[in-house]
Amino acid sequence: MTSTESVSAAPPESRAARFVTDGFEPKNWIIAVTLLIGWHADGLGGVGWGLFGALFAAVIPVLFIKFGIRRGTWADRHLGVRQQRLVVMAFIICSVTSGTLLMRFLNAPQVMVALIAAMVTTLTILLAITFAWKISVHAAVSSGSVVMLALDYSPWLLTAYPLVALIGWSRIALRDHTLAQVIAGTLLGGTVAGITFALLH
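Residue numbers (our numbering): 1 to 201.
Hints are not guaranteed to be accurate.
To be verified - Listed below are the simulated DSS-like cross-link pairs for lysine-lysine, each with C-alpha atoms no more than 25 Å apart in a straight line:
hint	residue 1	residue 2
1	27	134
2	66	27
3	134	66
Please keep in mind that the hints were generated in silico from the structure rather than gathered at the bench. Note that this is a predicted model, so its numbers are computed, not measured.
From just these sequences and the hints, can you work out the full model?
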């Protein structure tokens, strides 16, 4: 059977879940939230800072993952194997921490520093949990992003939480996570990112 036939033969639910998982993966949330909060902070200048933050929080980590996939070090871009996820998460924490320090040194708007610091804090706790349990990073990042956007723009943005639930469903449907792992990721991401962002904003 060819790869095309395999895709077409996949159950509709699986195809839909894969579409949601890939379309709303963490890097896409990170890029979107850094640009949106940057724009709200200082217009085009803030977008520039958003791109700078996204470089360390999304672009460099993605390049690292792609390099590992080409070498056969990682199984896939979603890092389904927990041991592989630990290594990549540690690298991402180092990258995002570097970005935070540079933004502070270069006098970036405080809201941007708070945003990247919230990412570091959330990732660090996720890494600690991942040593023992495969908590959902997709759920944590999407939940944290919605909360931070709501804090920065308007509480009405919390009505976007059904999208977080949809992402959680996709992770369960693809059997990458259990319901408990998705719920834990959602609660942790929203709580930790939200509190850190609010305190440092």
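query: What hints, given by number in increasing order, does this structure fail?
result: As far as the earlier hints go, not one is violated by this structure.
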